[in-house]
Structures are given as structure tokens and as C-alpha cells.
Amino acid sequence: MAERRVVVTGIGLLTPLGWGVQSHLDALRRGAVGLRAMDEWTRLGLRCRFGGAIDLAAARADTAIAPRRLETMGTLAAQAVLAGEAAIADSGVDPGLLRHESTALILGAGVGSMPAIYEGARLVFAGKARRVRPFSILQGMSSAPSAHVAQAFGIGGRSYTLASACASSAHAIGHAFELIRSGTAARALAGGSEELNVIVAASFEALRTALSSEQDEATRACLPFDARRSGLVLAGGAGLLMLEERRDALERGARVYGEIVGFAANSQADDLVLPEASGEAAARCMRAALASAGVGPSAVRYVNAHGTGTVAGDLAEARALAEVFGLGDDPAGDRDEAATGPWIGSTKGLTGHALGAAGGIETSFCLLMLRHGFLAGMPGFERSEDEMPELRWLRRTRECETDAGVHLSNSFGFGGTNACLVLAGP
Amino acid sequence: MSGPALVATGWAATRGVLLQAMAPPSEPASAPGGAREQVLDRIRSELAAMQLEVPETLRLDTRLADDLSLTSLDAVDLVLALEDAFEIELEDDDVASFETVADVVDAVLRQQAAAAGDGGEPAPGDAENRSPDSGAESSAPGSG
Numbered sequence: 000m001a002e003r004r005v006v007v008t009g010i011g012l013l014t015p016l017g018w019g020v021q022s023h024l025d026a027l028r029r030g031a032v033g034l035r036a037m038d039e040w041t042r043l044g045l046r047c048r049f050g051g052a053i054d055l056a057a058a059r060a061d062t063a064i065a066p067r068r069l070e071t072m073g074t075l076a077a078q079a080v081l082a083g084e085a086a087i088a089d090s091g092v093d094p095g096l097l098r099h100e101s102t103a104l105i106l107g108a109g110v111g112s113m114p115a116i117y118e119g120a121r122l123v124f125a126g127k128a129r130r131v132r133p134f135s136i137l138q139g140m141s142s143a144p145s146a147h148v149a150q151a152f153g154i155g156g157r158s159y160t161l162a163s164a165c166a167s168s169a170h171a172i173g174h175a176f177e178l179i180r181s182g183t184a185a186r187a188l189a190g191g192s193e194e195l196n197v198i199v200a201a202s203f204e205a206l207r208t209a210l211s212s213e214q215d216e217a218t219r220a221c222l223p224f225d226a227r228r229s230g231l232v233l234a235g236g237a238g239l240l241m242l243e244e245r246r247d248a249l250e251r252g253a254r255v256y257g258e259i260v261g262f263a264a265n266s267q268a269d270d271l272v273l274p275e276a277s278g279e280a281a282a283r284c285m286r287a288a289l290a291s292a293g294v295g296p297s298a299v300r301y302v303n304a305h306g307t308g309t310v311a312g313d314l315a316e317a318r319a320l321a322e323v324f325g326l327g328d329d330p331a332g333d334r335d336e337a338a339t340g341p342w343i344g345s346t347k348g349l350t351g352h353a354l355g356a357a358g359g360i361e362t363s364f365c366l367l368m369l370r371h372g373f374l375a376g377m378p379g380f381e382r383s384e385d386e387m388p389e390l391r392w393l394r395r396t397r398e399c400e401t402d403a404g405v406h407l408s409n410s411f412g413f414g415g416t417n418a419c420l421v422l423a424g425p
Numbered sequence: 000m001s002g003p004a005l006v007a008t009g010w011a012a013t014r015g016v017l018l019q020a021m022a023p024p025s026e027p028a029s030a031p032g033g034a035r036e037q038v039l040d041r042i043r044s045e046l047a048a049m050q051l052e053v054p055e056t057l058r059l060d061t062r063l064a065d066d067l068s069l070t071s072l073d074a075v076d077l078v079l080a081l082e083d084a085f086e087i088e089l090e091d092d093d094v095a096s097f098e099t100v101a102d103v104v105d106a107v108l109r110q111q112a113a114a115a116g117d118g119g120e121p122a123p124g125d126a127e128n129r130s131p132d133s134g135a136e137s138s139a140p141g142s143g
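Quick mapping for you: the protein sequence lines, in order, are chains A and B. Counting with numbering that gives the first Met the number 0, you get residues 0 to 425 for the letters of the first sequence. Counting with numbering that gives the first Met the number 0, you get residues 0 to 143 for the letters of the second sequence.
Calculated from the structure, these hints are not laboratory results. None of these values were measured; they are calculated from a predicted model. Any given hint could turn out to be false.
[As the list claims (entries may be wrong)] Facing chain A, from chain B, some residues (calculated, C-beta under 10 Å):
no.	residue
1	Gln50
2	Leu57
3	Thr70
4	Leu72
5	Asp76
6	Leu79
7	Leu81
8	Glu82
9	Asp83
10	Glu88
The beta-carbon is built from N, C-alpha and C at its ideal position, and this holds for glycine as well.
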């Protein structure tokens, strides 16, 4: 029997750019930057100035979930539930099918709800262990996103949350893709959620070199691949997608955003935080993903890079991209932009870095671009530094045909973990 | 958003305001109707603060799960709120067996009586209200 094909029929997005598919289409096309100054972080003594906060109230306004339920599940899970509700509705999948064991739920998150853990710990260390709320563990546990989504929509198949730091939801989507391709599941709600809060921000700031040092302009806070970049900007958000076996989707006349055609994951043991400078493992992961899709590098039209805006991470990824696409041989000092190869962009300059949710958000972005025929540019990008291989940087949003080439979405996480997804148009 | 505000959920903050605004129970548990009514009122206000729909006629025989749609966690959350409000601590075994509002009221009254050191005199209506099928004292003040 031929391998099953996997399409995406529903998308739920909650990011600093907005809520819902249409607001993201608009924001991506015009290169809107969703970052803002986080005054409360500044008051608490943090040096990083900008963050990507989401508007949870906007998403809550559309939901059928009772306020009490959203309140007690905590922000991390509530984001996943709201985005999941939107993805299910968007897909048109019969809610009754969700209860079937053929429906899987595979989510990713970098951390559980730190505020819930903190609040419980605060009471414990104040001698009030018996005052810890019963929801503390249900919000703080790593699987909070999948647990609450499963309960909210009555998911009947396997459900769990994967954790691989900033690659979590890319791994989740890749795993869901493999489940459907192998026939283990017929459909899957997949993606991820990440909660933005000052505890996570302080923890990243403790790494000293991870976060952007920009103090003045939100549009300059996160500058992937630009020589002026100083670090990543943390964000919250959720991106959930409904994956279905293609034949099922077509038979029921579903609207198809696009197809997941390849996935690969690997790791390198080098440094817990810093990427392998050569980018070799990342390059192998990209190649393996393309091989999984049955296409070569020349089929790739656009790469949604991991591109967080860190000095070391972006340089390593650029080297990996140059290696995969054969663009790294120009003599140093020649700063002419590569005229060939795929367009290289990162949407993190717009959204910030939603860690474990980034893969779900960016896979959604790739599919929206494929379906609607455009590529979202990097409005803050001017030029990369001399040591960085010169690639075909996507500076401005471009309109393009909907059926030309595939998109590659990269996600790399602390611990040397890599995940690459290959997406094709509908 | 300050540090504490960051971790205070909306309803928890609301509950905090309510706790400050409402005087602690001043009536001794030995005043049967008054004490029972006071606990019932408190349950009503806590349920409202928890953003749960409270029927106008919250009765002693109202069932927590079937009538109020309380989950097991909501019930524990209600217990926490009542423990804070009445400065008592309920027994875990009692909490696990709560089925009706009467069960909760009785557990609170029992602990209030114990805390008052009244020699273990059972709280009013204690024994007969333990069973969810006891008719739940529908004639008790405030239950209608």
C-alpha cells in the first residue's frame, strides 16, 4: 500500500501578531512587528527590554469554553485550548471524530507553567503548604497543554506533550506526521504552546548572551541574520494544526492549506546551549528532511529558518544553509547577495521566539504563505556580517506563485536537538 | 504586571478582595440556624467568585457535581476558600466524600466546633446531614 499523505486542514494561531488566521495573513504580508517594551520586566530589574506578549483576551472573546475552565487551566494550557478550538473549527472536522481513537493529539511545550510552580513554591516556603491550590500541578506539569486540550475536546486517541525546548512543537508536528503516514492515526491535532512570563525571561537572561540588548526600538529588537543582531526576543503564543490523511480530507471536501511532505530530527553533542559552530548536524537534519520528502535542495523555494537573532545561532544556521544549498563557496569579502538558492527568512523578527510553540507557529506561517502565494520578509534586515555566508536573504515580502517549490521550516533547541519539516502547497 | 500580580489568577485575586471585604464569622457555631446560614452564604459567594453559575436557590441538598458542575478540583478549590474564610482545616477524608452542599456545610461546622474547643459537641444537624440521601435538611434556614 502506498504511503499515506498528510495534509493540514485547520490552523489556530495566537501570537504577538494577533489572533486567528486572517490577522496573521495581514500581519505577515505587511511585515508587522508584534514586539513591545515589557515595562514590568524593567521594573523587576531585567535588562532585556522587549518581549512578544499575546492578547489572550482577544482569543477568549471567541471561545465556547467557560471562563472558570480557562482560568483554572492556566495561561499555557489556555493558549493551547483556544488555538486548538480555532484549528478544529477551521478544519471542519466533525467534533464527534475527535473522540475516536484514530484522532491523536501531539503537542509541544518548552516548559510547564512556571507561574503556577512559583505560586505553589511561594506558599510552601512561606510555611503554607496546605494552601497550595489543587490546580498547581495540573498547570505546572509538562503535559499541561495536551492534558487540557484532550479534556476540552474529548480527544480519544493518544495524547501527550513532547519537550525538546525550542524544537518541541516541530517535533510534535513531525511525530504526528509520522503517525498518520504510517497509518497509526487518521488525524492529529498537533503544534505547541508557550507561556511568556518574567520567570522565563529572567532564566534566559541568566544565560547572559541569549537575549536582545536593544533598548529603544521594537523593530530593531530582533534582527535575524543581520550583523547588528544581539539576541533573541522571548515571546508567548500557540500554533495548533489539524493534520489529516489526505484522502480523508479530500473525500470530505476539506479546504487544504498544504501538505507536510517531509520531516527529520537529529542531535549533536557539543554544547547544551551554543549551536555547533559548523552547523553540520543541522545541515544533516535539513538534508534528511528533504530526503524524507523525496526532493532535492533545488526544490526548496523558501526556508523559514530557526533564525532567532542570536549571534552564534544565526551564524551556525547560515553555515548549515550554505552547506545544504551549495552557496558557501564565494570568497570572503564578496558581499553580493546570493542570486540563487532558496529565499532565506525568519519570522522571529516579527513574532519573537515562542520557544516550544515556535515550530507550530512557523509551520503554520509556511503553509499560509504556500496557500496564499507570498513569502514574509525580514523588514529589519540590512546586511549580514562578513563571516556569515551570503545567502538569498528575504528582505521584503514577495508575492509568488502558489505551486512553486517546497518550504523548509527549521527548529533547533537547547540540548543540541534539531527538527526540520518540509511543506508543500495544497 | 507586578510579580505577585503575574501569578495571581483573576478569580484568586477576586477572592482575596472578597475575603478582605467580608468580616470573619462572628456567630458561634452553637447558634444552629445562623451558623449554617453563614456557611451556606459563604459557599454561595465563593462559588460566584469562582465564576461558577450559582443557582438562586442553592440548597443543602444541591449536588456539587450533578447540579453545580463542580469538578473534583473545583470542590477542593472551594474547600481551600472556605478554610481561608473560616480559619479552619477540613479533613482530607471529608473532602473526598463531599457530594452535596450539606456535606460541605457540616464539615465546616464540625471543624468550627472542634476549633472552638466546645468539648466535641456535634455541630448542629451533623449526623443527619452526612448522607446525601438524608433529605438534606431542605427546611433549614436559607436553603430554599
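A quick look at each hint next to the structure:
| no. | hint | in the structure |
| --- | --- | --- |
| 1 | Gln50 | holds (4 Å) |
| 2 | Leu57 | violated (16 Å) |
| 3 | Thr70 | holds (9 Å) |
| 4 | Leu72 | holds (5 Å) |
| 5 | Asp76 | holds (6 Å) |
| 6 | Leu79 | holds (6 Å) |
| 7 | Leu81 | violated (12 Å) |
| 8 | Glu82 | holds (8 Å) |
| 9 | Asp83 | holds (7 Å) |
| 10 | Glu88 | holds (7 Å) |
Against the hints set out earlier in the document, violations occur for numbers 2 and 7.
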